[in-house]
Amino acid sequence: MARKRRNDEKEYTPSDDYDHDFYNNSEDEFNDEPPMLSRSDSRKAKKTGIFRYPLLNILIIFFLLIPIVVVIVFVAVQNSGQPDNAVKEESSVSVDSNTKAKQEAKEKAAKEKEAKEKAAKEKAAKEKEAKEQAAKEKAAAEEKAKQNEQAQQQAAQEKAAEAERQAAAEKAEQERQAQAAAKAEQDRKAAEEAKKQAEAAQASSHTVQAGETLYRIAVNAYGASNATQGVQKIKQANGLSSDSVPVGTVIKIPK
1 MARKRRNDEK
11 EYTPSDDYDH
21 DFYNNSEDEF
31 NDEPPMLSRS
41 DSRKAKKTGI
51 FRYPLLNILI
61 IFFLLIPIVV
71 VIVFVAVQNS
81 GQPDNAVKEE
91 SSVSVDSNTK
101 AKQEAKEKAA
111 KEKEAKEKAA
121 KEKAAKEKEA
131 KEQAAKEKAA
141 AEEKAKQNEQ
151 AQQQAAQEKA
161 AEAERQAAAE
171 KAEQERQAQA
181 AAKAEQDRKA
191 AEEAKKQAEA
201 AQASSHTVQA
211 GETLYRIAVN
221 AYGASNATQG
231 VQKIKQANGL
241 SSDSVPVGTV
251 IKIPK
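Here the sequence shown stands for residues 1 to 255, numbered as in full-length UniProt numbering.
Please keep in mind that the hints were generated in silico from the structure rather than gathered at the bench.
Here the structure is a predicted model, which means the values were calculated and not measured.
Cβ atoms here follow ideal geometry from the backbone N, Cα and C, with glycine treated the same way.
Take these hints with a grain of salt, some might be off.
Keeping only pairs whose Cα atoms sit at most 30 Å apart, straight-line, the calculated BS3-like set for lysine-lysine is [unchecked claim]:
| no. | residue 1 | residue 2 |
| --- | --- | --- |
| 1 | Lys-106 | Lys-118 |
| 2 | Lys-100 | Lys-123 |
| 3 | Lys-255 | Lys-195 |
| 4 | Lys-196 | Lys-252 |
| 5 | Lys-138 | Lys-128 |
Beta-carbon label-pair distances, calculated as ranges [unchecked claim]:
| no. | residue 1 | residue 2 | range |
| --- | --- | --- | --- |
| 6 | Val-75 | Ser-97 | 43 to 49 Å |
| 7 | Glu-107 | Val-69 | 53 to 59 Å |
| 8 | Gln-236 | Ala-182 | 22 to 28 Å |
| 9 | Thr-249 | Gln-229 | 19 to 25 Å |
| 10 | Asp-187 | Tyr-215 | 43 to 49 Å |
| 11 | Ser-97 | Lys-126 | 17 to 23 Å |
| 12 | Ala-178 | Pro-246 | 52 to 58 Å |
| 13 | Val-77 | Ser-97 | 43 to 49 Å |
| 14 | Glu-137 | Arg-176 | 36 to 42 Å |
| 15 | Ala-237 | Glu-162 | 51 to 57 Å |
| 16 | Gln-197 | Glu-164 | 29 to 35 Å |
| 17 | Ala-134 | Ala-109 | 42 to 48 Å |
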C-alpha cells in the first residue's frame, strides 16, 4: 500500500490554477525531510538495530538473568529445605502416630484380654455356682424323696401293725365269743341234762300194753288237753323218734 501511495504521489500533477509557489515550497520542505518508512521497513530497521551488537545483547541478558537465577536458586533452596523438614516432621508424626497406634492397639488388646479373662472367670464362677446350686437342689430333692419314702414305709408299717392289732383283736374277740358260745352251749346242755336227769328221777315208769299208743299213755298221764305236749315229753324222756312203741316196753313218764 505504501508503494502504491508513493506511485500515486509521483503521478500527481497539479492543475493550471494551482498555486505553484506554494507547491514548490511544500515540495522543497518535503524533500528536505527524511522519507517515511513503511511498516516492513520499520520492522527491519528495528530488527537490525537490536541484533546489531549480539555480544552486548548477550551480556545484557546474562546480567539480567543473574538476579533471576539467584532468586530462583534461593527459593529452590528454601523450598528444598522445607520438604526435608516437612518429611522429617511427617516421618516423626508418622512414627509417633505408629507408636501411639501400636500402644493404643496394645492397650486395647490388653483390655480385651482382661475383659475376656474377667468374662471367663465370671462365667466359670456362675457355672460353678449353678453346679453347686443344682447339686444342693438334687441333694435336697433326694433327701425329701428319702424322707417321703421313709414316711411311706413307716406309714405302711404302722398301718400293717394296726391291721395286725385289729386282726388280733378281732380274732381274740371271735375266740372269746366262740368260747363264750361254747361255754353257753355247754352250760345249756349241762342244764338240759340236769333237767332230764331231774325229770327222770321224778318220772314214773309204765309198761306198754297191747293196743296202747304214746298218745293214749299221754292222755292217761297228763289229760286230754295236755296229751300232745305229754307225747313230746315222753319222747324226749325216753329218746323215742316215733309215736309207736313195742308192747312190753317200759317207758318213763315225766311229771
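Verification of the hints:
{"no.": "1", "hint": "Lys-106 <-> Lys-118", "result": "18 Å, holds"}
{"no.": "2", "hint": "Lys-100 <-> Lys-123", "result": "33 Å, violated"}
{"no.": "3", "hint": "Lys-255 <-> Lys-195", "result": "12 Å, holds"}
{"no.": "4", "hint": "Lys-196 <-> Lys-252", "result": "11 Å, holds"}
{"no.": "5", "hint": "Lys-138 <-> Lys-128", "result": "15 Å, holds"}
{"no.": "6", "hint": "Val-75 <-> Ser-97: 43 to 49 Å", "result": "31 Å, violated"}
{"no.": "7", "hint": "Glu-107 <-> Val-69: 53 to 59 Å", "result": "55 Å, holds"}
{"no.": "8", "hint": "Gln-236 <-> Ala-182: 22 to 28 Å", "result": "23 Å, holds"}
{"no.": "9", "hint": "Thr-249 <-> Gln-229: 19 to 25 Å", "result": "21 Å, holds"}
{"no.": "10", "hint": "Asp-187 <-> Tyr-215: 43 to 49 Å", "result": "34 Å, violated"}
{"no.": "11", "hint": "Ser-97 <-> Lys-126: 17 to 23 Å", "result": "42 Å, violated"}
{"no.": "12", "hint": "Ala-178 <-> Pro-246: 52 to 58 Å", "result": "43 Å, violated"}
{"no.": "13", "hint": "Val-77 <-> Ser-97: 43 to 49 Å", "result": "29 Å, violated"}
{"no.": "14", "hint": "Glu-137 <-> Arg-176: 36 to 42 Å", "result": "56 Å, violated"}
{"no.": "15", "hint": "Ala-237 <-> Glu-162: 51 to 57 Å", "result": "55 Å, holds"}
{"no.": "16", "hint": "Gln-197 <-> Glu-164: 29 to 35 Å", "result": "47 Å, violated"}
{"no.": "17", "hint": "Ala-134 <-> Ala-109: 42 to 48 Å", "result": "36 Å, violated"}
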